[in-house]
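Peer 1: Starting from the given sequences, assemble the full structure and let the hints guide the process.
Each chain is listed here by its residues.
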Amino acid sequence: MVPEPKLSHTAALILKAIHAGDGYGFSVMEMTGLPSGTVYPAMRRLERDGLIRSQWERQAIADADQRPPRKYYKLTRTGQTALEASERRYPLLAKLAAEEVERR
Amino acid sequence: MTIHLAILQCAARLVPGGERADWLAEWRAELWQVQQRGGWRAARFCLGSFRDARWLRRNAPPDAEPRLRLESPTRCLGLLAAAAVACFLLARRFQSAGNPLRPGWQPLVAMLYVAAMSLPILVGTTSLSLGEYPAHRNGRRWAFFAAKIALLLPLVFFGGLAFWTVLGGMSVHCMLVGYVMVFRWAILDQRRRCPECLRLVSHPAPIGEPSHVFLEWYGTEFACVKGHGLLHVPEIPTVSFRTQKWVRLDRSWRALFS
Numbered sequence: 001m002v003p004e005p006k007l008s009h010t011a012a013l014i015l016k017a018i019h020a021g022d023g024y025g026f027s028v029m030e031m032t033g034l035p036s037g038t039v040y041p042a043m044r045r046l047e048r049d050g051l052i053r054s055q056w057e058r059q060a061i062a063d064a065d066q067r068p069p070r071k072y073y074k075l076t077r078t079g080q081t082a083l084e085a086s087e088r089r090y091p092l093l094a095k096l097a098a099e100e101v102e103r104r
Numbered sequence: 001m002t003i004h005l006a007i008l009q010c011a012a013r014l015v016p017g018g019e020r021a022d023w024l025a026e027w028r029a030e031l032w033q034v035q036q037r038g039g040w041r042a043a044r045f046c047l048g049s050f051r052d053a054r055w056l057r058r059n060a061p062p063d064a065e066p067r068l069r070l071e072s073p074t075r076c077l078g079l080l081a082a083a084a085v086a087c088f089l090l091a092r093r094f095q096s097a098g099n100p101l102r103p104g105w106q107p108l109v110a111m112l113y114v115a116a117m118s119l120p121i122l123v124g125t126t127s128l129s130l131g132e133y134p135a136h137r138n139g140r141r142w143a144f145f146a147a148k149i150a151l152l153l154p155l156v157f158f159g160g161l162a163f164w165t166v167l168g169g170m171s172v173h174c175m176l177v178g179y180v181m182v183f184r185w186a187i188l189d190q191r192r193r194c195p196e197c198l199r200l201v202s203h204p205a206p207i208g209e210p211s212h213v214f215l216e217w218y219g220t221e222f223a224c225v226k227g228h229g230l231l232h233v234p235e236i237p238t239v240s241f242r243t244q245k246w247v248r249l250d251r252s253w254r255a256l257f258s
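Those protein sequence lines, which keep their order, are chains A and B.
The opening position of the first sequence corresponds to residue 1 in this note's numbering, with each subsequent residue numbered one higher.
The opening position of the second sequence corresponds to residue 1 in this note's numbering, with each subsequent residue numbered one higher.
Since the hints were made in silico from the structure, they are not lab data.
Ideal Cβ positions, reconstructed from N, Cα and C, are used throughout, including at glycine.
Don't take each hint at face value.
Said to hold, decoys possible - Here are the computed lysine to any residue pairs in the SDA-like style, where the Cα-Cα straight-line distance is at most 20 angstroms:
no.: 1; chain 1: A; residue 1: K71; chain 2: B; residue 2: A25
no.: 2; chain 1: A; residue 1: K71; chain 2: B; residue 2: L5
no.: 3; chain 1: B; residue 1: K226; chain 2: B; residue 2: R140
no.: 4; chain 1: A; residue 1: K74; chain 2: A; residue 2: P41
no.: 5; chain 1: A; residue 1: K95; chain 2: A; residue 2: T10
no.: 6; chain 1: A; residue 1: K71; chain 2: B; residue 2: G18
no.: 7; chain 1: A; residue 1: K71; chain 2: B; residue 2: L24
no.: 8; chain 1: A; residue 1: K74; chain 2: A; residue 2: A85
no.: 9; chain 1: A; residue 1: K71; chain 2: A; residue 2: R48
no.: 10; chain 1: A; residue 1: K71; chain 2: B; residue 2: Q35
no.: 11; chain 1: A; residue 1: K71; chain 2: B; residue 2: P16
no.: 12; chain 1: B; residue 1: K245; chain 2: B; residue 2: F214
no.: 13; chain 1: A; residue 1: K71; chain 2: B; residue 2: Q33
no.: 14; chain 1: A; residue 1: K71; chain 2: B; residue 2: W55
no.: 15; chain 1: B; residue 1: K226; chain 2: B; residue 2: S72
no.: 16; chain 1: A; residue 1: K71; chain 2: B; residue 2: A12
no.: 17; chain 1: A; residue 1: K74; chain 2: B; residue 2: A25
no.: 18; chain 1: A; residue 1: K71; chain 2: B; residue 2: R37
no.: 19; chain 1: B; residue 1: K245; chain 2: B; residue 2: P234
no.: 20; chain 1: A; residue 1: K74; chain 2: B; residue 2: D22
no.: 21; chain 1: A; residue 1: K71; chain 2: B; residue 2: A29
no.: 22; chain 1: A; residue 1: K71; chain 2: B; residue 2: R28
no.: 23; chain 1: A; residue 1: K95; chain 2: A; residue 2: D22
no.: 24; chain 1: A; residue 1: K71; chain 2: B; residue 2: F50
no.: 25; chain 1: A; residue 1: K71; chain 2: B; residue 2: R51
no.: 26; chain 1: A; residue 1: K74; chain 2: A; residue 2: R45
no.: 27; chain 1: A; residue 1: K71; chain 2: B; residue 2: W32
As the list claims (entries may be wrong) - Not the full set, but computed from the structure, chain B residues with beta-carbon under 7 angstroms of chain A:
no.: 28; residue: E26
no.: 29; residue: A29
no.: 30; residue: G48
no.: 31; residue: D52
no.: 32; residue: S211
Peer 2: Here it is in structure tokens:
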């Protein structure tokens, strides 16, 4: 049986924010309330571990919104499994997504 | 260029060259977002980029790191000595009124005085721990560390004096900042050296998981290229693994590294 990947609370929080939010660094900061010096290195670590992957948005989309192109992060299949396992370990994570939906 | 972009540019210097452009583009895009929401927190946001850049630098594959060829202790001391001599010659070439190299001044006392003034700042900004190492090799390590400090002292002092004509009294402030930076570098460099051969360790490998810190360690493992041992650096210091540890490998392991 493949062991479930386990994450620290902060990593799980960031993973949840990527999944439930817009998926770029500042949106993760806003959702979690964590500082930039914590969020970005954590996202690098998650990407290195294969839990998320990044992709630049197309220039045309950014141009249409009159802003620089963003780098978006998405959960991989392993990341999805890790998040599900983390939600069982940290039930309050689900509240983060609910609050975000409510805020929108 | 705004102060925020200047901070990002400074932090970008820490990022390995191949990833720098992409990293900077991402942070600039994010900064734009922060500024749209209210610029007052943009500076704090930008300062976080140093931690991110440092993480990338630390976890970069060995080939991606900018190389000053300081791996060998001899080459490291040689380069520092050459730089110190160059700074001394520059300081003599550009000596001017008020410059402590004038007859009657005591450059050695002035150098030690400025260096001593930087120590409280260093203590406040840098962890002075050099890690846990076997006691029998400590003499060589300390001798190498002392030699580095002995060469860095004149390097910064004469480097500051070389710009005395341009900066005047501000040179002393530059020396102060310079001493903090070079002493910090000396400590960080010392932490990354094999206690046996004093070469820089390499081949960083992530070990463990953050959620397992109570039962096992989580961090980065470096190896001595000569096979003398492994350096375990904790990512999250815990009570049982507070600082980096050196794991000595016996001779039977050498074949793997040759």
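Peer 1: Which constraints among the numbered hints does this structure fail? Numbers only, ascending.
Peer 2: Of the numbered hints given earlier, the structure breaks none, since each of them holds.
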